[in-house]
Structure formats: structure tokens, C-alpha cells
Amino acid sequence: MSAREQWVAFLTLVTKEIRRFTRIWPQTLLPPAITMTLYFVIFGNLIGSRIGDMGGFDYMQYIVPGLIMMSVIQNSYGNVVSSFFSTKFQHSIEEMLVSPMPSHVILNGYVVGGMVRGMLVGLIVSLLSLFFTHLSMQHVFITITVVVLTAALFALGGFINATFATKFDDIAIVPTFILTPLTYLGGVFYSIDLLPEFWRTVSLANPIVYMVNAFRYGVLGVSDVNVYASLGVILAFVIAFYLFALWLLHRGTGIRH
Amino acid sequence: MSALTIRNLTKTYANGVQALKGIDLEVKKGDFFALLGPNGAGKSTTIGVISSLVNKTGGDVSIFGYSLDTQRSLAKKQIGVVPQEFNFNQFEKVFDIVVTQAGFYGIPAPLARERAEKYLRQLGLWDKRDKQSRTLSGGMKRRLMIARALVHEPELLILDEPTAGVDIELRRSMWDFLTRLNEQGKTIILTTHYLEEAESLCRHIAIIDHGMIAENTDMKSLLEQLQVETFVLDLARPVTEAPQLEGFEVWLRDAKTLEVAVPKSESLNTLFVELARLNFEVMSMRNKANRLEELFVRLVEQNLPGEQAS
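First to last, the sequence lines map onto chains F and S. Using the numbering used here, you'd call the opening residue of the first sequence number 881 and step up by one each time. Using the numbering used here, you'd call the opening residue of the second sequence number 883 and step up by one each time.
Honestly, I wouldn't trust all of these hints.
[Stated by the list, open to error] Simulated pairs of lysine-lysine, DSS-like, Cα-Cα distance not exceeding 30 Å:
id	chain 1	residue 1	chain 2	residue 2
1	S	Lys975	S	Lys1000
2	S	Lys1023	F	Lys968
3	S	Lys1000	S	Lys1023
4	S	Lys1023	S	Lys1010
5	S	Lys975	S	Lys1013
6	F	Lys968	S	Lys1102
7	F	Lys968	S	Lys1170
8	S	Lys1102	S	Lys911
9	S	Lys1170	F	Lys1047
10	F	Lys968	F	Lys1047
11	S	Lys1170	S	Lys1138
12	S	Lys911	S	Lys1000
13	S	Lys975	S	Lys910
14	S	Lys1023	S	Lys975
15	S	Lys1010	S	Lys1000
16	S	Lys911	F	Lys1047
17	F	Lys1047	S	Lys1023
18	S	Lys1010	S	Lys975
19	S	Lys1102	S	Lys903
20	S	Lys1102	S	Lys1138
21	S	Lys1138	S	Lys910
22	S	Lys911	F	Lys968
23	S	Lys1170	S	Lys1102
24	S	Lys1013	F	Lys968
25	S	Lys1146	F	Lys968
26	S	Lys1013	S	Lys1023
27	S	Lys1000	S	Lys1013
No wet-lab data here; the hints were simulated from the structure.
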């Protein structure tokens, strides 16, 4: 396949993915908007006003970057895991397997489709947050870089999960038992500096801490961890996950007998 | 030139089942080829390997001279596959399914839309283009898969049970469509359980059995191997027992129906003379089974003692 043909195939897959999640927007775009608005109202307005400052900002301002990041993580993961697994489940993956599309084009198409949904939901949540607080971006480049890399990482995570999944339960296990706890314990609602030394050290093993803090640094200018180390950690995970997902796809794990 | 060349193809699944035990097959360009075999014989595995849905264990496959191992992209562009099971997204629109498939082959959107219209019209689905595919009838879904397989205009079309569950009228119209495609130069390989379909459409045939090719020849030569043909005779008057006819095997199916096995060495005239002599009046006559079916069953029974063909 020539580079131009690969580009056409990639755009086709990305368009298909975007068409899918926009067609079912009440399941994909609306729920995170409602959930995050509730977070803003309950944690930000009602409880937050009694908590006071955190990291030099009022509580609402402090949690907004974390909640935006949480939306990006959940939606980029959720899009790819459900779309790719449904494709396997309905056997429509065969449409791609019989075609001359190379494995990296298939992977890129799904990952970019997941990133688009993650970032679109992130944008919706950001706009909603403006009804509750004032946000100004301190470091535009870092903010965008962190969002893009995080969306890519979790889209890849969703792809790997879907590759191994053989039933619908398998695509719910990781988000429920791994992703949600890591996100809630990843410094979305608090500064890890508030934790005792032992738990602070344990928290540093949670990759989501780096993503939330790097994004918070981009928006508010404060972080519990070194921002460039955070970017390095995320990038390393993205590369490792990409190569692993590509290897799985190339050898046909979960999709070819 | 060969449209498809398979050399020593083997496949052993992870559970240890050896589905293909060294298949050699050649299909000429422009041929209409039938791949037959009982369930579990290895037909679908062979098609799976050719269409890259199954990883082979060993051997070589090339399509129009392009190796599936070393020139995968070029080889894949030559093939269109119509699988047995519906394998499209049930929630996508008919038009989008065909256009998207073209995109996967690197065909730019304007040309993809043009081709999608052409094939959806040819297959009588243009009116349904904006419908979700799940709302189509079974026959329409099968035609949708044919349109999708043709959108990149492959030279080799592989159809796995294309008319399974399709009504007679639609089956005939699909036969006409496939015949026209073949006349236009497309090479067609099909698997089917309707042996009348294979006999009517195909010029060459391979019978696969226990993961090996049991027969690979042209249809005419194969049919000539048929040593005995069984006919069903409807009688004018009821009888109580089957007549004894020298050179023929006769069974009484019911009071007014006989089954007669006619060896190739005997003529039907002899049969009728004998029946007339014994005062049996025959009102009508038909083949018990399609000739190819009869041969197929005999071949499979020879190879699989104790097992039943399907």
C-alpha cells in the first residue's frame, strides 16, 4: 500500500470512529458532561467552599484540571475498548483484516479515534467548568502535550484490553477495578503532599498522578511532581504501550486463529 | 496465468486440530471454481488463510503471482471475500459500509462513493443505501456483502456459501450476477452445499476432505466418474413389491414410487423395456439427487467410512 493509500485508509478509520461516537452521543458525550457537572456542583461548590484553599487555589479551581483529565482518560480508554471489542464481537474486524491495511494504520486509526473522543469530552468538561470557576492556562504547550499524550496512552490501553477481551465483562474489569481507583487516588481531588510520607511515596507509583499534576501545572502553574519527569514518564508509557499493541495486532492475538 | 496457487498449505490450530494437511491447489485466471467438502473438511480454513483471517502453519499462497507472505498488500488487493456469516457493523448504513471498505483499500472518498453507488445499484440495494444494515432482509445482507467485496474491483472473488438461506428466485438472480461477473473476466471461487449450484456455475472443482484435496478436476471429467445414477419413477398403478430387473437395483419407496439405480453400462431404454414387459406403467421420472451430489456423497463415503456427509 502506498503512503497515500495508507493515509486514505487511516482517515477512513478515524472518520468511522468519530461517526460511531457522535451517532451515539447520548451514550458517549452526554454522560461525562452530566457527571462532571455534578462533581463541580457537589465537590466544588457545596463541599469545596468548606474545604478552603488547596495548593494556593480555591478547591474548585484545584480540582477542575483533575476532573478534565479524568474525563480524557475515561473516554479515550472507553472509546477504543468498546469500539474495537464490538468490531471483534460482530466480526466486522474482518473488513480490515482482508484489506491491505498494515497493522500500524489500524492501530493509529483506533488510537486517534479514541483520542478525539477523549479530547472532545475534555473540551466539553472544560467549557462547563467555566460556569463554576475562572480558568486561565499558564503553560499552553505543556497543557496540550499532556492531554494529547494522556489521551494516546489510554486509547492504547483500551486497545490492548479489547485485544485480550473475549466477552463484554472483560472490557468492564479494567476500567472498574484498575482505572477508576488509580484515577481517584491519582491526586484529582487532593494534593499528594497532604498524604503521610509512606502513602505519598506509594502514590508516586501511580502513573495517573503524573498526568493530573502535569496538566494541573499547565493550567494553574502548580504541581506535586516534576513536570518534565511527568512528561517523560507518560511518553515512555505511550511508546511501550504502542509497541506492545502493534506486536499484538501484527501476530493476530485475539483476532486471528 | 494462475489466479490462485496454493502449495503444501498446512494449518494446525492451537488445540492441536490439524485442519489442513498439505493442500496443493491451482485456480486459473477467469475460472469459475467450486471448493466442496463435508463440514469440518477444511474449506473455511483454506478460505480463511487465503483471505488473511487465519494464520497458516506452513506452505505458500500466492494470488495472481503475488505471495501472501512477501507481497501481502498487492496480493490482498486482488481478492474480494464474501464470507458465510454476516460480518458488517449492524448499526452502520448500507452506503457507509461499502464506502468505508473502499477506504480501507486506499480508494479516495469520491471514487469510493461512485463505486459504492455502482455496485449497490447492480445488486438492487441502492434504495436501501441510507438504511441501517440490521434492517435488511437476509438476502439483502448477503448482496450487501457482495457489493462490499467488489468495491475495490478485485480480480478474484471468493464466496463462502453465497446462497445459504436465500430463496430460489434470489438464488437464481445471484447466479446470473456471478455468471456475468465471470464472463467479464473475474475469477470466482465458491464453496456451497447446493451441489446443483456448483454443477450449474462452475467449470472446475476441488473436493477437500480431512484437510486434503480428494479430487481436483474439471466438472465434466468428474461427472463422468459417476458410475451409477439413481432415478425416482412415479407409477400409474400401486404395486406391492419392487420388480426384479437384471442389471438394475430397484427399491419400492411407496406403493406408487420406485427408486432405480442405473449403472453407467446400462441404458434407460433397457430399463423401460423391462418395466413395460412386467406391466409397470411409468408416469414421470426424476433424478433422486443432483448428479454431482450423488458423486460427492459416494466420494465422501469412500473416504469417511461410518461418517455421514453433509
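Results of checking the hints against the structure:
Restraint check for lysine 975(S) and lysine 1000(S): the C-alpha separation of about 16 Å stays at or below 30 Å, so the hint holds. A hinted pair counts as satisfied when its Cα atoms are at most 30 Å apart, and lysine 1023(S) with lysine 968(F) qualifies at roughly 19 Å. Under the criterion of a C-alpha separation no larger than 30 Å, the hint pairing lysine 1000(S) with lysine 1023(S) is consistent with the structure, at around 17 Å. Simply put, lysine 1023(S) and lysine 1010(S) have alpha-carbon atoms about 11 Å apart, close enough for the 30 Å limit, and the pair holds.
Of the pairs offered as hints, the one joining lysine 975(S) and lysine 1013(S) holds, with about 5 Å between alpha carbons and a cut-off of 30 Å not exceeded. Simply put, lysine 968(F) and lysine 1102(S) have alpha-carbon atoms about 42 Å apart, too far for the 30 Å limit, and the pair is violated. Of the pairs offered as hints, the one joining lysine 968(F) and lysine 1170(S) is violated, with about 43 Å between alpha carbons and a cut-off of 30 Å exceeded. In summary, the hint linking lysine 1102(S) to lysine 911(S) is supported, as the alpha carbons are separated by about 19 Å, within the 30 Å threshold.
Note on lysine 1170(S) and lysine 1047(F): the hinted pairing is violated, with a Cα-Cα distance of about 46 Å set against a maximum of 30 Å. Restraint check for lysine 968(F) and lysine 1047(F): satisfied, since their Cα atoms lie roughly 10 Å apart, inside the 30 Å limit. Proposed proximity of lysine 1170(S) and lysine 1138(S) is supported: the alpha carbons are some 15 Å apart, at most 30 Å. The suggested pairing of lysine 911(S) with lysine 1000(S) holds, with an alpha-carbon distance near 24 Å, which does not exceed 30 Å.
Between the alpha carbons of lysine 975(S) and lysine 910(S) the distance comes to roughly 36 Å, so the proposed pair goes past 30 Å and is violated. Restraint check: the Cα-Cα separation between lysine 1023(S) and lysine 975(S) comes to about 12 Å, which is no more than 30 Å; the hinted pair holds. The straight-line distance between the Cα atoms of lysine 1010(S) and lysine 1000(S) is roughly 14 Å, inside the 30 Å bound, and the hint therefore holds. About 42 Å separates the Cα atoms of lysine 911(S) and lysine 1047(F), which puts this hinted pair outside 30 Å; it is violated.
Distance check on the hinted pair: lysine 1047(F) and lysine 1023(S) sit about 25 Å apart at the alpha-carbon level, within 30 Å; holds. Pair hint lysine 1010(S) plus lysine 975(S) holds up; C-alpha atoms about 9 Å apart against a cutoff of 30 Å. Pair hint lysine 1102(S) plus lysine 903(S) holds up; C-alpha atoms about 27 Å apart against a cutoff of 30 Å. A threshold of 30 Å between alpha carbons decides the hint, and for lysine 1102(S) with lysine 1138(S) the separation of about 34 Å lies outside it, so the pair is violated.
Between lysine 1138(S) and lysine 910(S) the CA atoms are separated by roughly 48 Å; this puts the pair beyond 30 Å, and the hint is violated. A distance of roughly 33 Å separates the Cα atoms of lysine 911(S) and lysine 968(F); the hinted pair therefore is violated under the 30 Å criterion. Restraint check: the Cα-Cα separation between lysine 1170(S) and lysine 1102(S) comes to about 20 Å, which is no more than 30 Å; the hinted pair holds. Between the alpha carbons of lysine 1013(S) and lysine 968(F) the distance comes to roughly 23 Å, so the proposed pair stays at or under 30 Å and holds.
For the given pair, lysine 1146(S) sits about 52 Å from lysine 968(F) by alpha-carbon distance, which is inconsistent with the 30 Å threshold. Annotation: proposed proximity of lysine 1013(S) to lysine 1023(S) holds, straight-line Cα distance about 12 Å (limit 30 Å). In summary, the hint linking lysine 1000(S) to lysine 1013(S) is supported, as the alpha carbons are separated by about 17 Å, within the 30 Å threshold.
Hint violations for this structure: numbers 6, 7, 9, 13, 16, 20, 21, 22, 25, all remaining hints satisfied.
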